[in-house]
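First residue of the sequence shown? That's 2 in the working numbering, and the numbers climb one at a time after it.
One or more hints might be untrue.
Subject to a maximum C-alpha distance of 30 Å in a straight line, what follows is the list of computed DSS-like cross-link-like pairs (lysine-lysine) [what the hints assert, rightly or not]:
#1 LYS213 - LYS6
#2 LYS24 - LYS228
#3 LYS11 - LYS206
#4 LYS283 - LYS213
#5 LYS11 - LYS213
#6 LYS228 - LYS168
#7 LYS206 - LYS179
#8 LYS168 - LYS189
#9 LYS179 - LYS228
#10 LYS11 - LYS125
#11 LYS283 - LYS200
#12 LYS80 - LYS168
#13 LYS125 - LYS115
#14 LYS92 - LYS6
#15 LYS228 - LYS212
#16 LYS4 - LYS206
#17 LYS269 - LYS6
#18 LYS78 - LYS38
#19 LYS269 - LYS24
Derived Cβ-Cβ restraints for the label pairs, each shown as a range [as the list claims (entries may be wrong)]:
#20 GLY13 - LEU202: 40 to 48 Å
#21 LEU218 - PRO100: 15 to 23 Å
#22 GLN58 - LYS24: 54 to 62 Å
Since the hints were derived computationally from the structure, they do not count as laboratory data.
Predicted, not measured: the structure shown is a model, and the values here were computed from it.
Just so you know, even glycine gets a beta-carbon here, dropped at the ideal spot from N, CA and C.
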Amino acid sequence: MSKIKIAIQKSGRLYEESLQLLKDCGIFVNNGKDQLKVSVDNFPMEIMYLRNSDIPQYLEDGVVDIAIVGENLLIEKAKDIRIIQQLGFSKCRVSLAVPKEVETDELSYFQGRKIATSYPNTLKTFLEKKGITSDIHIISGSVEIAPNIGLADGICDIVSSGSTLFKNGLRETVSLLKSEAVLAQTPKLSQDKEVILEKLLFRIKAVLKAKKSKYILMNVPNEKIAKVEDVLPVLKSPTVIPLAEEGWSSIHSVIDEERFWDVIDELKENGAQDILIIPIDKMVI
């Protein structure tokens with residue numbers, strides 16, 4: 002039987018979250034940290050732990066079939082690779098930053114100045130679109146130190162919380178693009194592995210949907226059920242169960258995490274009481 006080969010960053014910010022996603026999908030990986038290739042017993046999959054910067058090339062060449070990788074890296078490498086699912090974790094930005102004593106946030110600050118970056122292609126494309134000419138210095142290591150040692154007037158790097166910039170006396174000014182972890186696919190995927198990929202995607206979507214939703218239970222006077230039902234953004238229709246106390250029912254439904262508090266406020270205003278919220282492990286719809 003064929004096995005789909007998935008690449009995962011062997012260390013760094015994507016490693017733990019990628020393995021957790023597979024675990025949430027019922028795919029259990031038992032391996033030592035130094036192993037670079039592992040077979041999975043309960044799913045037709047092989048996992049390859051690779052350097053982050055190598056993954057796009059491995060995908061393009063068909064050495065691996067799919068990969069969990071940062072969208073920013075795929076944009077930088079500009080490979081013939083299809084993104085098939087946004088994963089919602091490891092969110093960051095590729096941004097320009099300047100020494101904190103620089104007062105302006107204007108992009109024009111970088112006209113004719115030196116910028117240190119690990120993302121030269123992304124930066125060059127962005128600057129050309131904006132009509133800015135800068136001297137780009139490519140650095141593979143700690144980009145943040147460049148202004149402090151006089152190598153550059155600013156940097157272009159990934160930013161998540163901004164704490165690393167702050168520690169190095171820098172501040173973010175212009176965001177070039179937003180990024181998160183994605184599931185990407187080689188253009189050379191065989192038909193039998195397409196079937197395996199569809200099964201994996203089904204599981205991933207169930208996990209991601211559950212993380213964005215909450216199961217809600219509440220007690221409602223029967224005369225107010227219709228109003229409460231109008232508030233609930235349900236999948237089909239809420240479950241209504243009569244209580245032992247006459248004139249009352251228990252309503253069960255699912256609500257979106259993004260609208261959680263707004264919905265709770267509306268439910269209370271329309272008569273809902275004793276509201277109980279339960280996390281959802283998986284959602285198969």
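We went through each hint and held it up to the structure:
For a cut-off of 30 Å, the pair hint linking LYS213 to LYS6 stands: about 28 Å separates their Cα positions. The hinted pair formed by LYS24 and LYS228 fails the criterion: a straight-line CA distance of about 40 Å is larger than 30 Å. A C-alpha spacing of about 24 Å is found between LYS11 and LYS206, which places the hinted pair at or below 30 Å, so the restraint holds. For the given pair, LYS283 sits about 10 Å from LYS213 by alpha-carbon distance, which is consistent with the 30 Å threshold.
With a C-alpha separation of about 27 Å, the suggested pair LYS11 and LYS213 falls inside the 30 Å cut-off, and the hint holds. Taking the CA atoms of LYS228 and LYS168, the gap is near 52 Å; set against the 30 Å cutoff, the hint is violated. Note on LYS206 and LYS179: the hinted pairing holds, with a Cα-Cα distance of about 21 Å set against a maximum of 30 Å. Between LYS168 and LYS189, the direct Cα distance comes to roughly 44 Å. Violation of the 30 Å bound is thereby established for this hinted pair.
This hinted pair does not check out: LYS179 and LYS228 have alpha carbons roughly 39 Å apart, beyond 30 Å. For the proposed pair LYS11 and LYS125, the alpha carbon gap of about 29 Å is at most 30 Å, so the pair holds. For the proposed pair LYS283 and LYS200, the alpha carbon gap of about 15 Å is at most 30 Å, so the pair holds. Between LYS80 and LYS168 the CA atoms are separated by roughly 34 Å; this puts the pair beyond 30 Å, and the hint is violated.
Proximity of LYS125 to LYS115 is assessed by CA-CA distance (about 12 Å); at most 30 Å being required, the pair is judged to hold. Proximity of LYS92 to LYS6 is assessed by CA-CA distance (about 24 Å); at most 30 Å being required, the pair is judged to hold. Between LYS228 and LYS212 the CA atoms are separated by roughly 27 Å; this keeps the pair inside 30 Å, and the hint holds. As the CA atoms of LYS4 and LYS206 are separated by approximately 20 Å, the hinted pair is consistent with the 30 Å bound.
For the hint pairing LYS269 with LYS6, the CA-to-CA distance comes to about 49 Å; that exceeds 30 Å, so the pair is violated. Straight-line distance between C-alpha atoms of LYS78 and LYS38 comes to about 24 Å, which keeps the hinted pair within the 30 Å bound. Under the criterion of a C-alpha separation no larger than 30 Å, the hint pairing LYS269 with LYS24 is inconsistent with the structure, at around 37 Å. Distance hint check for GLY13 and LEU202: the Cβ-Cβ separation is about 24 Å, which falls outside the suggested range of 40 to 48 Å.
LEU218 and PRO100 have their C-beta atoms about 53 Å apart, which leaves the hinted 15 to 23 Å range violated. The hinted window of 54 to 62 Å between GLN58 and LYS24 is violated, with their beta carbons roughly 27 Å apart.
Of the hints listed earlier, those the structure fails to meet are numbers 2, 6, 8, 9, 12, 17, 19, 20, 21 and 22, in rising order.
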